[in-house]
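Peer 1: Those protein sequence lines, which keep their order, are chains A and B.
Mapping of the first sequence onto numbering that gives the first Met the number 0: residues 0 to 72, in sequence order.
Mapping of the second sequence onto numbering that gives the first Met the number 0: residues 0 to 680, in sequence order.
Treat the hints as calculated values from the structure; they're not laboratory data.
Quantities reported herein were computed from a predicted structural model and do not represent experimental measurements.
Worth double-checking, as some hints may not be accurate.
Below, computed lysine-lysine pairings styled on DSS-like, alpha-carbon distance capped at 25 Å [as the list claims (entries may be wrong)]:
hint: 1; chain 1: B; residue 1: Lys-26; chain 2: B; residue 2: Lys-650
hint: 2; chain 1: B; residue 1: Lys-358; chain 2: A; residue 2: Lys-42
hint: 3; chain 1: B; residue 1: Lys-243; chain 2: A; residue 2: Lys-42
hint: 4; chain 1: A; residue 1: Lys-62; chain 2: B; residue 2: Lys-650
If you want the ones that stay clear, here's a sample from chain A, every Cβ over 12 Å from chain B, calculated [said to hold, decoys possible]:
hint: 5; residue: Met-0
hint: 6; residue: Arg-1
hint: 7; residue: Thr-2
hint: 8; residue: Asn-7
hint: 9; residue: Glu-10
hint: 10; residue: Ala-12
hint: 11; residue: Val-13
hint: 12; residue: Asn-20
hint: 13; residue: Ser-69
hint: 14; residue: Ser-71
hint: 15; residue: Asp-72
Here a beta-carbon is modelled for each residue, glycine too, at the ideal position from N, C-alpha and C.
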Amino acid sequence: MRTLETLNVGEKAVVELYTDNSLPLKLIEMGCTPGSMIEIIKKASFNDPLYICVDNNYLAIRKDLASKISVSD
Amino acid sequence: MINIALVGNPNTGKTSIFNILTGLNQKVGNYPGVTVNKKEGVCVLSNSIKANIIDLPGTYSLLPKSKDESVVIEYLTDDNSKPDITLVVVEPVNIKRNLFLFSQIKDLKTPVVLVVNMSDRLLKEGIYIDKETLSEQLDCSIVFTSSVKNTGFDDLKKTIIDLSENKKTCISTPVLSRLSEKYPELKKELSTYNNWIEKTNKFSPRNLEEEDEEHKGVQIKETIYRYQHISELLKISLKKDSSKGTGFRARLDKILLHNVFGYLVFFAITALMFQAVFSWSGYPMDLIDSGFADLSSWVASTLSQGILNDLLSEGLIPGIGGVVIFLPQIIVLFLFISILEETGYMSRVVFLMDKIMRKFGMSGKSVIPLISGTACAIPAIMATRNIENWKERLITILITPFTTCSARLPVYAILISLVIPEKTFFGFIGLQGLVLTGLYLLGFLSAIFSGYILNKIIKTKEKSYFVIEMPSYKMPIFKNVFITILEKSKAFVFGAGKIIVSLSIVLWFLASHGGDDFDNVETTVNKEIIGKSFSEEYIANKVSELKLKNSYIGKMGNFIEPAVRPLGYDWKIGIALITSFAAREVFVGTLATIYSVGDADMEGDTIKNRMTKEIRVATGKPLFDLPTGMSLLIFYVFAMQCIGTLAIVKKETKSWKWPILQLVSMTGIAYISAYITYIIF
Ligand SMILES: Nc1nc2c(ncn2[C@@H]2O[C@H](COP(=O)(O)OP(=O)(O)OP(=O)(O)O)[C@@H](O)[C@H]2O)c(=O)[nH]1
Ligand SMILES: [Mg+2]
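Chain A with its partners taken away, still in its complex shape (with noise of 0.2 Å):
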């Protein structure tokens, strides 16, 4: 399984379901929920940082955080 922060800018996917709660409430609540249409908009110098939209909310998040989220194509 993949993770959010090992897609390209540009490339879509869709958020997994969660699995454990380490997972912020706040980014769920901010729209980031399981089945959703996530993709990286752009990545800051040193990749870190991420810009991203998921279902039509404009968020940043930094890598630690998008490594914790799984997606699939």
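Since the structure of chain A is provided, determine the placement of chain B with the ligands on it from the hints.
Peer 2: Just chain B with the ligands, lined up with the frame of chain A:
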């Protein structure tokens, strides 16, 4: 009067709506215990009905994760404060996420109105919302508004009046019953949403730092259920033409977030901002300065001699002048900051700077406090509230006072003009300006450097993640900018102003009273000069000099002189240092007061001239020479001299430990560096 609360995600336009509904009829206060601005205002709904409107901070959810958010929940659930009507403000582009919060508020069972703001953007974004269907699905009234076009507000007022009469609450979402099916053991907790919120939120600040682990799994399920519910509804009532809308954002982001140009633009904007703060405000500041000086001498010469005259012309008026003089800078600074915030650019700065700031133990979000710290550390420290990681927030709070706030500027300005010669290099680079730039840089570098050190020292176990929204770009609404500036200026004048004015009165008192020795100065001098012939002038000067020495302030000054002598200061500067622990800008005023009290014929002379004439007793040379001046400048770069800042740090960190640490370490660094500087020069 009906109480109405404005609730919604950040950036949906709550404050814009609030500004339209209340006009200038608003006041800003604080929630008890937390420093989050609470804005209240009165709105005239109809000839006979008025409403009290409360603008709440933006929140994504009722399950709180930061102080800002806990304010909203407490407000909405506490029986004492609970509003009669809640207006949930949403915007079309992120309507799904906005309705997530709406669904939670609706389950609280208070009368709600769904306000779809920014309706001017519906067409541009290719979004169609079927108002009737959605209103039926949600079982509540919907109003479309636009604060840019100023439309929909009559409709909104009418809806509020109707709702205040029938007090209808809408049916709950199916989320709670689904949850209690899945978790039968929590049936009691899930019986009402109020219950569940109370169960999962313990409002003590300690609990907010870490998430409620026990219920987190259930909260995640709740969130997912709510989103599923909303998606179902929107499938029917929302249509989106996805070919529209994102082009503008993408094009601007390409430049503003570019790995090279992005930073160039940011530095250009910052440079422009500093330039504006210091050069645009120069002229009004001079005007204010001379205006107050004129007022002072006018009062001194018009009013009959006596205590009241002295108090006004030597204490109160210069004191107030010392506050008002900073207004131009604060206005220009917040003009820039609020425009940058309104346009959505600030979030881009956070994105650009995050990685760099993290090396120094901070977050991209720390850039905003550091920038506004150049005006005043107090609002800057309040602006750290949205940094979710406690360690990053703490470090930002601790180092912000190193940035050169505008209160240091008058001190720098007068000292530089006294001791640095007016040389220029290459015809246009002035030495004085160079020194000033150097001092700013020194402040900034020491902030960054301390961040680096603190990052190594402070340890936390706390895990927290950085999630921010990247809002769409917008044209600023100038009414909002204007009201922000007004608000910040008021806060400065009435907050910092109070301290400065009361201090200058205390100072004036201490310098013009002093117990028995002080009262007997005339007799002492008269005894001394019996039989000798001195000029009138000599006697008058002798009297005022002795008076100052024997005043309360003179006694304090003599007491601390041994401590400041190694730095090259005399007791008068020592006093100015002590008083400027209340607020730095008091320094200049104090010297002005002391020197004017001390010398009869200097009345009406400018502060600078008075300081130039000051002689060092031991050598007979001018007191303000290069070593003393430089040593003072360096002292002011580092020293923690601001009661207001210490108070706000205590409030924001909920402990005396951190402000005391700041006071001791910064002042220690200041003393040592000033000492070294004095020796070098
Ligand atoms: N196009 C458009 N922009 C709007 C409208 N209302 C507000 N804005 C813009 O939206 C942004 C946010 O407005 P605010 O009123 O500060 O939003 P808020 O909900 O108070 O934000 P927080 O206090 O951060 O939660 C600003 O840039 C406004 O200029 C509107 O009706 N149409
Ligand atoms: Mg607001």
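Peer 1: A/Val-13 clear of chain B by more than 12 Å, beta carbon to beta carbon?
Peer 2: Consistent with the label, A/Val-13 stays out of reach of chain B, its closest Cβ about 14 Å off (over 12 Å).
Peer 1: Taking 12 Å as the cut and beta carbons as the points, is A/Arg-1 off the interface with chain B?
Peer 2: 20 Å, holds
Peer 1: Say whether it holds or is violated: A/Asp-72 keeps its Cβ farther than 12 Å from all Cβ of chain B.
Peer 2: 20 Å, holds
Peer 1: Are the Cα positions of B/Lys-243 and A/Lys-42 separated by 25 Å at most?
Peer 2: Between B/Lys-243 and A/Lys-42 the Cα gap is close to 24 Å, so the pair holds against 25 Å.
Peer 1: Report holds if the minimum CB distance from A/Ser-71 to chain B is greater than 12 Å, and violated otherwise.
Peer 2: The claim stands: A/Ser-71 keeps its Cβ more than 12 Å from every Cβ of chain B (closest is about 17 Å).
Peer 1: Beyond 12 Å on every Cβ pair: is that true for A/Met-0 relative to chain B?
Peer 2: Holds: least Cβ distance 19 Å, greater than 12 Å.
Peer 1: A/Lys-62 and B/Lys-650 were given as a pair; does the straight-line alpha-carbon distance stay at or below 25 Å?
Peer 2: 33 Å, violated
Peer 1: So A/Ala-12 supposedly isn't at the interface. Is its beta-carbon more than 12 Å from every beta-carbon in chain B?
Peer 2: Holds, since 18 Å exceeds 12 Å.
Peer 1: For the pair supplied as a hint, B/Lys-358 and A/Lys-42, is the alpha-carbon distance within the 25 Å limit?
Peer 2: At roughly 18 Å apart (the allowed maximum being 25 Å), A/Lys-42 and B/Lys-358 satisfy the hint.
Peer 1: Beyond 12 Å on every Cβ pair: is that true for A/Asn-7 relative to chain B?
Peer 2: 16 Å, holds
Peer 1: A/Glu-10 clear of chain B by more than 12 Å, beta carbon to beta carbon?
Peer 2: 16 Å, holds
Peer 1: Taking the minimum C-beta separation from A/Asn-20 to chain B, is that value above 12 Å?
Peer 2: Nearest chain B Cβ is 5 Å from A/Asn-20, so the label is violated.
Consistency note: the structure conflicts with the earlier hints numbered 4, 12.
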